[in-house]
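Given chain A, work out where chain B should sit, using these hints.
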Amino acid sequence: MLPDLRSSIALASPELFLAIAAMVLLMIGVSVGRKATLLVTSLAIVALAVAAVWVAGFSHDGAAFGGMFVMDSFARFAKVLALAGSAATLLMGYNFIRAARFDTIEFPVLIVLCTLGMMVMISAGDMLALYMGLELQSLAIYVLAASNRDSLRSTEAGLKYFVLGALSSGMLLYGISLVYGYTGNTSFAAIAQALAADQRQLGLVFGLVFVLAGLAFKISAVPFHMWTPDVYEGAPTPVTAFMAAAPKMAAIALTVRVTMDAFEPIAADWRQIVIFISIASMALGSFAAIGQRNIKRLMAYSSIGHMGFVLVGLAANSQEGVRGVALYMLIYLVMTLGTFAFIMSMRRTTGHVENTDELSGLASTNPVMATVMTLLMFSLAGIPPLAGFWAKWYVFLAAINAQLYTLAVIGVLTSVVGAYYYLRVIKIMWFDEPVGGFLPMSGELRAVLGFSGAFILLYIVFGGPIGRVASAAAASFF
Amino acid sequence: MTDTLARPDLLLLSMILAPWVGAVLAGLLPRYARNGAAALSWVVALVGLVSAILLYPNITDGPVRHEIRWMPSLGIDFVLRLDGLSWLFSVLVLGIGALVVLYARYYMSPKDPVPRFFAYLLAFMGAMQGVVMAGNLVQLAIFWELTSLFSFLLIGYWYNNQLARDGARMALTVTAAGGLCLLIGVLLLGHIAGSYDLDVVLGAGDQIKRSPLYLPMLVFVLLGAFTKSAQFPFHFWLPRAMAAPTPVSAYLHSATMVKAGIFLMMRLWPVLAGTEEWYAIVGTAGILTLLIGAYAAIFQHDLKGLLAYSTISHLGLITLLLGLGTPLGFVAALFHTLNHATFKASLFMAAGIIDHETGTRDLRRLSGLRKAMPITATLAIVAAAAMAGVPLLNGFLSKEMFLAEAVSNPRDYDRNLLLPVLATLASTFAVLYSLRFIHQTFFGPPAQDLPSTPHEPPHWMRFPIELLVLICVVVGIIPGLTIGPFLATGVQSVLGEATPYYSLAVWHGFNLPLLMSLVALAGGTVLYVLFRRPINTNPHGGPRLFRPFDGVRIFDGVMNGLTAASERGASVFGTNRLQPQLRNIILVMLLAAVLAALPFWSGLGANGFTLTPPDPGFVVLWLLGIGCALIAAWQAKYHRLAAVVMLGGAGLASCISFVWLSAPDLATTQLLVEVVTTVLLLLGLRWLPKRQDAIHIPPSEQRRAKARRVSDLLVAIAFGAFTAAIAFRVMTMPAAPDGIGRFFLEHAYEQGGGRNVVNVLLVDFRALDTLGEISVLGLVGLTVFALLLRFRPGADSLSAPEQQRVQRASDERHETRQPGDTLQDTMLVPRVVMQWLFPVIVLFAVHLFLRGHDEPGGGFAAGIAMSIAFILQYMASGTRWVEDRLRIRPLKWVALGLGIATLTGMGSWIFGYPFLTSWFRYAELPVLGRVPLPSAILFDIGVFGLVVGSTVLVLIALAHQSLRKPRDRAPAHPPAPPLEEVV
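Protein sequences appear in the order of chains A and B. If you're matching positions, the first sequence starts at 1 in our numbering and goes up one per residue. If you're matching positions, the second sequence starts at 1 in our numbering and goes up one per residue.
Note that these hints are calculated values from the structure, not bench results. This one's a predicted model, so the numbers in the text were calculated from it and none came from an experiment. Using N, Cα and C, we set each Cβ at its ideal position, and we do this for glycine too. Treat the hints with care, as some may be off.
Capping the alpha-carbon separation at 20 Å, the derived lysine to any residue pairs in SDA-like fashion look like this [unchecked claim]: (1) B:K371 <-> B:T360; (2) B:K111 <-> A:S364; (3) B:K690 <-> B:V832; (4) B:K637 <-> B:F719; (5) B:K706 <-> B:Q804; (6) B:K209 <-> A:S364.
Listed next, with one range per pair, are the computed distances between beta-carbon atoms [said to hold, decoys possible]: (7) A:L128 <-> B:E802: 31 to 37 Å; (8) A:G184 <-> B:V219: 47 to 53 Å; (9) B:I697 <-> A:L128: 47 to 53 Å; (10) A:D357 <-> B:R790: 38 to 44 Å; (11) A:L128 <-> B:M731: 23 to 29 Å; (12) B:L595 <-> A:R446: 48 to 54 Å; (13) B:V219 <-> A:D357: 52 to 58 Å; (14) A:R348 <-> B:A786: 34 to 40 Å.
Part of the chain A face toward chain B, derived, beta carbon under 8 Å [to be verified]: (15) A52; (16) V205; (17) W227.
For reference, chain A alone in the conformation it holds in the complex (with noise of 0.2 Å):
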């Protein structure tokens, strides 16, 4: 028993070191109060980066507690992301929430405790473990968006998202309990023996339909997508910053894996639900957001497409196509994170603005900041030579090799609606009467900006190497 658990804590050890991370800046930040934040956020990045190298340099495969704890190399892949999108907020928000006052020191520390769950959902093998994660990470993000408690709007889509969440909670429950009750297991590799021994049950079928629900919530995909705009639009930017990145990357690997493991036995089962589930995004994602002027709400209209090109990798069902989903997402979160730093520019002397108007002939007052976001809409809007090409490309093929044609085509041609709003944002930058810049961008923004654009310009040199990595991620399901 206690060697098993010596090496299950070995295996978890990035996770616990995070955990442990969390409370010590809790007692930090209780102990000396509001002026830490400061040093508590710093704290934070550091204990992330340092689990991102631990996670990334110094694990190894394995199950952990009887195997409810897996690391493998999708593991590793999706945590280090999840773990640099969080760094990556921290970094973009604290001169955000400063000032605009609610600098508190729970901020930092409620993302690292997300975090926290976010990779406790990535390693997850088993329901439990999945629930678990799935609430750590989902409640931490309740309360972030509600954390500008004087705001009207982020205390109401903190409100709104919990209700939802706590729905689609009861949903995810009530579909595990019901897979449980046909299979008799919460542990993914024994529901898929089971899955594959026995014949379809309605009730199994209705536990997945559930299951899936649930998940989809998390990653905002239609049709459990309607708390999206209101929540990003209504939070504080930086936590739709983080909302948008790495708690997506969470959970699209819990669907990839939950479907992949588990339910593997009955993928004809789920692929048409999730084919259906990615056409409807795509659709919604790309349609939906041509009526936007607030960019915040474009970016959630723009998420949920995004999420529904995520899919048509999964539904592929192949190796190929997890390659897809993973690169993806990396790509996607490179995206949003610099498109998120560009919004937390949006700042005049009068204070931050949303509106896509505002960005009116932004290319002749801060031409720098108007060409960089050009590209990332370009990226985003999935035009070559740039990520969100590739991005795209990786998951069309995909879906294409698994015969999956129309999926396919639905899917660009979604993609072209959506270059059309991406295209109306460059239009507004280049070419409307200049309404005045911006203040200057602080540093950190300059830098995950910088970092974004160069990373989606760049990525037709470095493609090959990163998308070994990535294969090397998706081998570890098949």
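Using the frame of chain A, we list chain B on its own:
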């Protein structure tokens, strides 16, 4: 062979890299470095051109390839591939590029940021080279989009011009969308062929044409090609793009970018062409574009607009030739592509010069320029004659080939006459607009009120036109000696074995095509003479006929419609309100559940169950409970007090149900919990804002509000009924023989030492769960406390309740009474009773606690009972009175309870057992007799302490709200002790 030719890869690389490197360098130049940027661009274009010329001997026998490993995991390498076809296009791109650079040096104003212009131009050149030299399809698609991007930047170069902005945006939207379509086409094509490598794809022609995916793939590839090459119905962006600087129009919109679609169709001609689908789509698009373009060109008043429509028409002609699917058609298409590039580029440049020198491009204002600029006029007249297809010029040769193909089209069994007639008609139109172009601009009386006085441009600005016109003439006279071998190489590289015999001679004898040419020349001239005046005075600058089909209007309409539809869709389907969002999710899930259940429909309902008639008393009880629940739901929104009371009633019904079903322990616990929660809820409700009757609701809204309330009630009923049905179903199921309940019933006593299975379950079998739950309970207490610590009630709930106000008023009216007396009197009897009850309830709690292990009771129930004792004291005597006499210190209770429970669990470690292992024995105590004393009872004490602590903590936090007064009112009493001190 020289040394350089032994290393063709270097030359290949220089052909594609030179423009990109040049673009970066030009971008780095200072803003006004006009000459530097032009010289740099010139060198770049020349380097590419020289490399291409040096490479020519290598490609006559087959393609030259150079591979760079790129994305091996995708099976995609970066492949440069040059063969006859791509060589011809490369020379076109680089050669005309060099001339355009020279021209642009003089055309661009020194005030413009010229280096940026040249950077874009060179980048575009690099992208074009990438398309032409791509050795795999992915690469091609990428460079394809890059050409769209840089053309967007070039068209929008003068971005302070509204027309340029609209034109740029439209061009980008159409061509980028087409590029994405091409992407899917390429994906499908690569999937069919099994590789994205061009050589593999070109070798898999049969496989591709036989594939069931052929048609969708073809459609997507052609969407890409048609949008790029401005084929009907996507032609409308090209005239709009004329807002760009003229060098851009000359380069992109006549010679190169619009030819990219043509190039793609030629590149894939061997594997795509020759089928009925190809003929139907490409041929139709081609002939329509040819006619519409030519017809619309006639009516343009803008010089560049005329040229733009003429370009569309010529592109349609090439497309039509390709669509015929015959090898000879291909030869004619390729030949005409080259010819068109030369004469159209020179015409655009001439138009640019005219614009530059006179300040206008309006054909109605221009006149008699041949006097002011004789050389330019001559050059433009020759180029326009080539465009019209006048003999001895290159345009004539390829047009003859086209007409010959139109006549001999073997496929056109039933339209034998149609194609030649339409071809002649289009040629007539071409003659007409060429004639109008020449006549209006250069002949007639010298124009008077021009914005600037025209004169010849600098020589080097005219030089590119001279060179191009020279090519027109030379090729037109001695085609076989000039273009012949290169054309042959190009044709050979695509058609291979299938290369047909063709003759480039000027004179083929009197035949039908020549007759058609003559008819067109004569017809065009006659029509011009007849309709010159109405055309020139036509105010619309375009043919009436096409107004409804105007692409720009359709495009704008689609875009506006899309935006409007999106906004309308958002307002119809989307909602910002939480409740509909919840409802939608639930409806979706119900639908999904039904859909999931459909395949299993026959299997449902097989396991029926029998219903035994229930006891009438039980039925009445449940009806009461259901009634209470319904009223609670109905009143939840507007009458919270009634809702809470009714909820209590429903809770009571379930308590009695437990008793009825022989579960007294559950009933006890449930009852106690009901009491405490109801009281706490009522205390909390006091501080919620009241319903604002003052707000006037319009009748229409009232109806809607009512409807909403009814629908809420229905939802509530549905959920209640559903849950009740599930509960009913579960409870009426026969107990599973090996169910988990049996295990606990059998082992509760021997392993847990208690007969009260529920309690044993709580403190022994499932002690870890309980530990978790009481921790949560403690946290809840702490959270409520923390939240209420700084809470100030809303202004509208601050005033005393109505009853108290009435009582106070009555007290004040009577001189003998002090304010508050009535209250004291009213509460006198309850107060005495409750104060006396306090020890009794405490004793009852101890009783519940001690008997818990074997009979109904236990730490949880006892804790709740104990808290009721405290609550009663607070209610009866008021906060001040209680706290003057009783210090409860709930925080200590919480800490102690949790500590004891945890330490009990850890105690088993001392004896070497896992956490929370229990031990039990009975003890003979004085007075009480035989009492069970398992170690779990310590744990139960912890539970007891925590429950008391948490509940009372919430109670005190709520109770202290009533002591808070608005700050501006003078305190009637000494200030209440801060909440922190009390707990």
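Consistency of the hints with the structure:
1. B:K371 <-> B:T360: With a Cα-Cα distance of about 17 Å, the restraint between K371 (chain B) and T360 (chain B) holds, given a limit of 20 Å.
2. B:K111 <-> A:S364: Holds. K111 (chain B) to S364 (chain A) sits at ~16 Å (cutoff 20 Å).
3. B:K690 <-> B:V832: Roughly 33 Å separates the two Cα atoms, so the pair is violated.
4. B:K637 <-> B:F719: Judged against 20 Å, a Cα distance of about 17 Å means the pair holds.
5. B:K706 <-> B:Q804: Given that 20 Å is the threshold and the Cα spacing comes to 33 Å, the pair is violated.
6. B:K209 <-> A:S364: Roughly 51 Å separates the two Cα atoms, so the pair is violated.
7. A:L128 <-> B:E802: 31 to 37 Å: At roughly 52 Å between Cβ atoms, E802 (chain B) and L128 (chain A) fall outside 31 to 37 Å, so the hint is violated.
8. A:G184 <-> B:V219: 47 to 53 Å: holds (51 Å)
9. B:I697 <-> A:L128: 47 to 53 Å: holds (49 Å)
10. A:D357 <-> B:R790: 38 to 44 Å: holds (40 Å)
11. A:L128 <-> B:M731: 23 to 29 Å: Because 27 Å falls inside the window, the suggested range holds.
12. B:L595 <-> A:R446: 48 to 54 Å: 50 Å Cβ-Cβ, so the 48 to 54 Å window holds.
13. B:V219 <-> A:D357: 52 to 58 Å: Given range 52 to 58 Å: violated, Cβ gap about 38 Å.
14. A:R348 <-> B:A786: 34 to 40 Å: At roughly 38 Å between Cβ atoms, A786 (chain B) and R348 (chain A) fall inside 34 to 40 Å, so the hint holds.
15. A52: With a minimum Cβ separation of about 24 Å from chain B (threshold 8 Å), the hint on A52 (chain A) is violated.
16. V205: holds (5 Å)
17. W227: Holds: closest Cβ of chain B sits about 7 Å from W227 (chain A), inside 8 Å.
In this structure, the earlier hints numbered 3, 5, 6, 7, 13 and 15 are contradicted, and the remaining ones agree with it.
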